[in-house]
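K.L.:
What follows is the residue order along each chain.
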Amino acid sequence: MHSIITITTDFGPGNKGIGVMHAVIQRICPDVHVINLAQDVPGFDVRAGARLLEAIAFVPAAAHICVVDPGVGTKRRALILITKRGDALVGPDNGVLIPATNSLGGIVKAFEVTNPTWMLQPVSAIFHGRDVFAPTAAHIAAGKNPADAGSAIDSKTLAPAPFPEAKYRHQAIEAEVIDMNSYGNVFLNIRAEEMHKLATIGNTIKLSAGANQILLPYLRTFGEVPVNSPVIIDDDFGRIEVAVNQGNFAEALGIDRGQEIILRVTLTGAD
Amino acid sequence: MHSIITITTDFGPGNKGIGVMHAVIQRICPDVHVINLAQDVPGFDVRAGARLLEAIAFVPAAAHICVVDPGVGTKRRALILITKRGDALVGPDNGVLIPATNSLGGIVKAFEVTNPTWMLQPVSAIFHGRDVFAPTAAHIAAGKNPADAGSAIDSKTLAPAPFPEAKYRHQAIEAEVIDMNSYGNVFLNIRAEEMHKLATIGNTIKLSAGANQILLPYLRTFGEVPVNSPVIIDDDFGRIEVAVNQGNFAEALGIDRGQEIILRVTLTGAD
Amino acid sequence: MHSIITITTDFGPGNKGIGVMHAVIQRICPDVHVINLAQDVPGFDVRAGARLLEAIAFVPAAAHICVVDPGVGTKRRALILITKRGDALVGPDNGVLIPATNSLGGIVKAFEVTNPTWMLQPVSAIFHGRDVFAPTAAHIAAGKNPADAGSAIDSKTLAPAPFPEAKYRHQAIEAEVIDMNSYGNVFLNIRAEEMHKLATIGNTIKLSAGANQILLPYLRTFGEVPVNSPVIIDDDFGRIEVAVNQGNFAEALGIDRGQEIILRVTLTGAD
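Chains as they are written, first to last, in my numbering: chain F, 765 to 1035; chain L, 765 to 1035; chain E, 765 to 1035.
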C-alpha cells in the first residue's frame, strides 16, 4: 500500500503516454498521488535512466515505475523489485531499476509480472508502460500482494546495472560519465560518500578525460567559482558532478552524451 | 459529471498556460483529477493534435480539453461534443476534436459555448484555453448540463476532421502521414483493424513514399528487427506506424512533419 | 493555509527535480494541489522567470515557489513574500519574485527563511528548491505561520525586479524585450492598461528595434492579420506582445532572447 506512485520515462516531457498511464492508474487506485519524476531520459538510454531513477531516494517509500525499455515486446521480463525501505520498483529487466535500489537498502524480493489480470488487456506489443507497468504499480499501491502478480524470481538472475561503480584507488578514482544534463554538466559514477574519503572541500582536483587534463577546485556549489570556470561538486542526489558555472563543461571538453571515458582524480593539496 | 479532465495543447511541455488552466479548473471543480495528456502537439498543427487526441480512447469517459487553435479570437465556434461513451470533448471548431470521437461511439450531441457565465471574464482574445475551454470542462465535470453552456448545434455543420481515413484497396492501402514523433517514427491514417484484413504479422510490405520504395516486415514490435532496420507495426493507439528500430525513419526517407505523401502497401507474401 | 502550491522553475519540463519537490510537499502537506506552472524558464534567466511568474495573477491566492536561482549556495537570502491578496511567494532574493507581487496588491510582509526545521536536512548546496523552498511552501500551505520560518525583513532591502517598467511618454513608449517564446513572439515590459491610455485597437504602431523600423497594427489577436504578417496585441497576462501570425517575429527582426532593446511606439492614426 503506497500513497505515491512515481513515473520515470524516456517518452519526453508532454508526451501523451504519460497522461494515459496516469489515467490507467487512477482507474485502479483513485486516491494515489501520481508524481511525474524524470520524463526527459534520453530515448532508449538505460544508463541515464538508471541514474535519474536514483532520485527516488528523495521520495518516501512508494511504487515507482520506470519505462526505459528498448526491449519492449521481446522476451525481457517485467519486474517488481521490493526494497528494504518498502518501495516497489516496477519496470523492465534491463538493469535500469538496479542502481536506485542500492540506496534503499537493496532488493529484498523480486517478482516477474505474468498474471494477465494485473495487465490492461489486450496488452500492446510496444507500450508496456500503459498495459503492464502502470496497472501493476497501481495494484501494489492499492494494497495487493506483489506475489500475486506472477512468480518470485532469484535476484541473482536480474540483468545487471547499466554502469559499474567507480573504482576507488589510493588518491585517485577511475570513473565514468553516466549522464549529462542540458547545461552540459557531467555526472560521474562516484558516490559522494566515497569522494569524501579522498578529498576535502577546497582541494584542487586533476581531471583527465581522454587526452585532456584540467585542474579544478572541489567546492560546494557552482557559484563559488567565476562564471565560465569549471568546478567539481557533490551533486544533489549523492553522486559527483563536474560543471562550468553558467557554462557547458561537456562541450568544453568534447564529451558526448553516453560516451564512456575514464576520469582520474588526483589530489594536489589544498588550494 | 466526470472524475477526470484531460488537457491536450500545442503550448509545449512546461508552459505556464497549462498550469493556469489547472488552477481555473481547480477553482470550479476542486475534486477532479486533471491529467496532462499531450502537451507536445507541434504549434498550430491541427492534424497532429487530432491524432494525439485519439489517445483518449485509453482514458475512461471524461471531460477532454484540446487547445490547438490557430483561429483563436476569430469567429470559429467553441464546442462541446458529447460522445456515445459519455465523454465531453471541449475545444475549437476546427476539426481537431473529430477523429477522437470516432472510437468513442461517435457524437451524440453538439453545443456551441456562448454563455458568458461559463467563461472566465474578461475573456482574452488569445487564450480561450484558460478563459473558455477550461471553465467549460470544469462546469461539465462538476455536473452542470452542457445544454446550459450555449446552444445545441447540428453536428453536420462542424468543421471536418483534418485528415481523411486511408483508402483500403484490393491488397493495397492509400494512406497519409498524419504525424511523426521525435524519434522519426511515422504515423499513418490506417486503422489497425483494417490493416489486419489485408496483412498478417510476418508479411513483407512494399512501401512507396514519393520516389522511394522499400520492403519492410510487418511485425509486432521494433525489437523484432535488427537495430537500424525498418519495420511496420500496429501503433499503441489503434493505428499503423512505420519506424526504424532505434533509428529515424522519417529522416531516412526524407519525410517532413506534416508533409502529405501517398503510401501504397503491397503484400508480397509471407517472408 | 492554501489549497494550491504552484511551482515555476528553470529546470526544464520533465526534470526529476520538479517531481522530487512534489514528493517533499506531499509529505508535509498531503492534501494540497501541486500545480506545475512554468517549467520552461530559460536556464538562469531571472528576467524571463519574473515575467512568467506574473501568471500567478490568474491562480487563486496560493503558495507559489519560484526556483530561478543562479546564486544557489551563495549568501543570497531565501525569501517568503506575503502579498496583499494573501499569496506567499517563496524563492531566492534575486528579484525574480518582485514583478509578480505588483498585480497582487504588493508585498505586505517579507521574511528570510533561516529556521532549519523548515528545511529538508541535510540542505544541499545546490538544490534549495527541494531542501528549502518546497518544504517552506508546504509548511505555509499547511497553515504554519511564515514568521516561524525565520526573521522578518524590510522589503526595501530586497533585490530589485530584474526589469524596469516601460517609460510612458507623450504618444510613445520606451520599452524593453523581457521575454520571448518558442514561436518568436516578443513580450515587452509594457502594461496593457498603460498601452490603452495611448493607443486604441485598430491604430497603426511604428516599432523601432535597433536599426529596424516597421509599421504594424494594434489588434486583438494574431488571426486578424494575414499569415506571416506582424501584429501588436495585449498578451494574455496583462502585458504587450509583438508577433507574426503563424511566423517568428524575433527571427524576422534579429532579436535575441534576453537582448535588451529600446522600442519606441508611435501612433500614426487609425488605419
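FYI, nobody ran anything at the bench for these hints, they're computed from the structure. Treat the hints with caution; some may be incorrect.
You can't tell identical chains apart in this list, so a pair holds if it fits in one copy or across any two.
[As the list claims (entries may be wrong)] Pairs of lysine-lysine, DSBU-like flavour, derived with a Cα cap of 30 Å:
id : residue 1 : residue 2
1  : K908      : K931
2  : K848      : K908
3  : K839      : K970
K.L.:
Each hint needs a verdict: does it hold in this structure or not?
P.N.:
Hint check:
1. K908 to K931: neither (41 Å within a copy, 47 Å between copies)
2. K848 to K908: within (18 Å within a copy, 34 Å between copies)
3. K839 to K970: So K839 and K970 pass the 30 Å test across copies only (28 Å; inside, 45 Å).
Checked against the numbered hints given earlier, the structure breaks only hint 1 and satisfies all the rest.
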